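Going down the list, the protein sequences come from chains A and B. Heads up: take any position in the first sequence, counting from 1, add 31, and you land on the working numbering. Heads up: take any position in the second sequence, counting from 1, add 2, and you land on the working numbering.
No lab work stands behind these hints: they were computed from the structure. One or more hints might be untrue.
Claimed, not checked - Simulated restraints, written as ranges between beta carbons of each label pair:
| # | chain 1 | residue 1 | chain 2 | residue 2 | range |
| --- | --- | --- | --- | --- | --- |
| 1 | B | D64 | A | R588 | 37 to 43 Å |
| 2 | B | E67 | A | E577 | 37 to 43 Å |
| 3 | A | M654 | B | R73 | 50 to 56 Å |
| 4 | A | N805 | B | E67 | 39 to 45 Å |
| 5 | A | E420 | B | D64 | 50 to 56 Å |
| 6 | A | R588 | B | K44 | 54 to 60 Å |
| 7 | A | M654 | B | K44 | 52 to 58 Å |
| 8 | B | E67 | A | S701 | 43 to 49 Å |
| 9 | A | M654 | B | E118 | 52 to 58 Å |
| 10 | B | E67 | A | E585 | 36 to 42 Å |
| 11 | A | K584 | B | D64 | 51 to 57 Å |
| 12 | A | S671 | B | R73 | 51 to 57 Å |
| 13 | B | E118 | A | N805 | 57 to 63 Å |
| 14 | B | D64 | A | S390 | 37 to 43 Å |
What the hints assert, rightly or not - Chain A is nowhere near these chain B residues, computed Cβ spacing over 10 Å in every case:
| # | residue |
| --- | --- |
| 15 | E25 |
| 16 | D38 |
| 17 | R73 |
| 18 | K117 |
Please read all numbers here as calculations on a predicted model, not as lab measurements. Virtual Cβ for every residue (Gly too), placed ideally from N, Cα, C.
Chain residues, written in single-letter form:
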Amino acid sequence: MTAEDNILLIGKISRKRLDLGTMLNQVTRKAQEELNADVCALFMLDEQGQILALKSATGLNISAVNAIRLPKDRGVCWKIARERRTIALAVASQDPEFYYVPESGEDTSASMAGAPIIDEDGELLGVLYIQRRNGGGVVEVDARALERIAGEVAGAIRAARDFERQVEKARVLSELNSTARLINATNNPELILSHTGDCIRNLLGARACSIWLVEGGHMVVKSSTGPAMEAPEAVVLLAEKALKNRETTNIPDIRTQTEFPGLTSAARSSMVATPMIFENMPIGVAVMADRKTPQPNYFTTFSGEEIRFFMDLIQTTTQALVRARTHMMLEQALEENKRNMRELSILFQLSMAMQRTISLDDLLRVILSCVTVGTGLGFNRAILFLINENTGLMQGMIGMGPDSAEDAGRIWSQPESRPSEELVNWLLARKPAKESLSRFDAAARSLKLPITGPGSGAIIRAVAVEKKAMLISGRQDIIDSDRELIHALGCEHFAIVPLIVKDNVQGAILVDNLFDKKPITPRDMRLLARFSAPAAWAIENVRLMERLSSVSKELIRLETQMARVERMSTLGEVAAEMAHEIKTPLVSIGGFARRLHNNNLTREESKKYLDIIIDEVERLEKMLRNALDISKGVSMHIVSADLNGIVEEAINFYWRIINENGVETVLSLSRDIENVSIDPVWIRQVVINIILNAIEAMSGLEGKRTLTVVTQNAPRRPGWVRLSISDTGGGIHNMNLDDVFEPFFTTKTHGTGIGLTLAKKIVRMHHGDLEIDNKPGVGVTFVIDLPCQMIPGSPESTSAIGAGR
Amino acid sequence: MEPKTKVLVVDDEEHIRLLYSEELKDEGYEVDTAKDARDATKKIDEFKPDIITLDIRMPGIDGIEFLRKFREKNKTTPVILCTAYSDYKQDFRVWASEAYVVKSADLAPLKKTIKEVLEKAGHH
């Protein structure tokens, strides 16, 4: 095998994809063979240029390989490295700088040659060394060959290092990939940050790393791993700069940088900052610092590749953080939604409870129950105020809440367990409980706070005048002006919201959490404000209802009175008319009688006067006969009419009076009866007269008052219909019975009894019958029979009732 | 001889007219009567009474309405309103009359009122 072949072989070896150690061993062996050397050794310079370490050797004790390091600047190898030239010595020991390669036998006659291994870029990688024993001599030719081999070795080392770098890169990429997978597999921001930090430190070789996120316009440290950095101030400045410029910024060595004047560090420190940008928005910045080396406490610069990996990783982290934040916001929104739904449902139920309460006292109690029960709004205590329009004072109406923490525990433990569906019923059924009779309630009820003017407090003024909801937590300036209120509460932390209806403040609800000290949150305030609207409306409605009810009672009273007055005035008019009619003949009779008595008259005169007196007396008699015909000049119009309809109409017309007198009506109206031939106006009047008399007869009686009205086909009287009206008014005493239908008879304190007289007359004019069935001690039944067919020749069908003047 | 003071009695009741007429004649008045408003208008023109007694309740135009129309033309002749009851006293329209007398079988109050009204009006 020729030298050329060997060199080619070495070239081949060097091009093989072998790991560096294997390759170097093969190279030294071949070089020893080719140059016929006893020893061939290959030293490599470390990265810092401090050490020449033996990497492979032939002719030496193999165990020495990797253990042998040549002290710096000692011996011929270091000279070769320093001077970057090939040196050959025929007798090595004669050279003053010669220094034996350890374990090489210290042969004083040995010759040697060494060549620097320099790669294409001119970087010194190491030294290739051969030694021949016993003055074998190293000739110039050997030195040149060694130089050529060193050149091949340089290429081989480079190839091997490229290979190793690619393997390393593949490993890093694979690691980065699994880190990205870890990051993307979680929505926990802390986990994302810790995976990122681990990766930067373990894979990219940073001693430390920090991640800042922008929150409310400031950078906030979210993650910081590793020991303290060499230059923490520089890290912050660098991070700010990277974020501001939105570009990755690299400081290879803090000691030599000029960007941040005044910043320096005793030790070498490097750092890289990269902004975290999502959709063009900077959300934060990441910094890694101090590239580790195999030497502890010695740091170098990050390579371009490491910086690129760092940027890629941070990009992944940024997206993961944004995704996690979005997810969190979605979850919060979902939770918020759920809570809103729950609140709405509570508000709905509370509203229901409020709407179903019709007395003001009950309503106020229900409202404060809503505010204080755990399943409602859950405040510890509450006071409800209403503004008194007349006095201009905010008046405490009711206070609800325990007097002490022990009471509180007892009270709140009760309703909590109830399912919410029962809330409405529970609120409604809740009777004034012990806590509403508490000292707190008494204190609340005693509060009368001026809304405006000199005595008014700032809190009450703000609520009542400015319609503000207030959350008070010990603000001294405000509290001083509302000393009375604060004193009653015994607490400086509370909230008060106005009760507003149609833009008017009608009162306020005050709440506090004196016992469990739970802070009142903006959310509580919002819920309270939302609750106050239906509460205010419920109060307004109940107040309106109470007013309406009192007005309506007054109306019923007036209506009853009016009905009576009307009846009385009609009778009064009739009486006045009759009295007037009677007066004229009386004046004549009396006047002429006096003349007869006083004067001396002629016989003719006397006769004339007596005739007049007789005439007028007759006229009076006639008048009295007709006095029963109370109504004048009203015609009757007989038609075929539905008696049931008339009865119902009459009952409906007077139902208020019937109700007012506590009378129960029992209607039994047969649907089988035919129409009757009557004047509906008159028969209606008869029914009304009898009903009113019955009601009057029953008024003032103890026991049940029942008015029974029955229509039916008249028994044993085909073609006739019977109407019976019964009362439970105790009946009429026997002595009165015959007189019932006589004019002006009455057993009552009111009325004249003329109604029954008229009733009988009207029924007679319809050819009907009106009978009275008296059960003393029980009641009276009026029985009216009316014909269905018109009775021919009925004189009253067209003529006037009663005698005209 | 001094001419008698003339009284016109207006009343729809024949017997009342006769009674008043006889009684007032006994008092020394010259008396004429009218049975309704229309009759009264005619009699006032012909008889030219010094004083009129006027019934309120009359068929057709009643006493009060008649008085109102009469006062449009004649502001001086005194009028005494007569009625069965005092229920017209509250009616401001009767204020246009000089006096108001409640009818009675005893005519003394009427006679006294006529005398007083005439004196006030300057008759003797």
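These are the hints, each one checked on the structure:
no., hint, result
1, B:D64 - A:R588: 37 to 43 Å, "holds, 39 Å"
2, B:E67 - A:E577: 37 to 43 Å, "violated, 53 Å"
3, A:M654 - B:R73: 50 to 56 Å, "violated, 34 Å"
4, A:N805 - B:E67: 39 to 45 Å, "violated, 51 Å"
5, A:E420 - B:D64: 50 to 56 Å, "holds, 54 Å"
6, A:R588 - B:K44: 54 to 60 Å, "holds, 56 Å"
7, A:M654 - B:K44: 52 to 58 Å, "violated, 31 Å"
8, B:E67 - A:S701: 43 to 49 Å, "violated, 55 Å"
9, A:M654 - B:E118: 52 to 58 Å, "violated, 34 Å"
10, B:E67 - A:E585: 36 to 42 Å, "holds, 41 Å"
11, A:K584 - B:D64: 51 to 57 Å, "violated, 44 Å"
12, A:S671 - B:R73: 51 to 57 Å, "holds, 56 Å"
13, B:E118 - A:N805: 57 to 63 Å, "holds, 59 Å"
14, B:D64 - A:S390: 37 to 43 Å, "violated, 59 Å"
15, E25, "violated, 7 Å"
16, D38, "holds, 15 Å"
17, R73, "holds, 25 Å"
18, K117, "holds, 19 Å"
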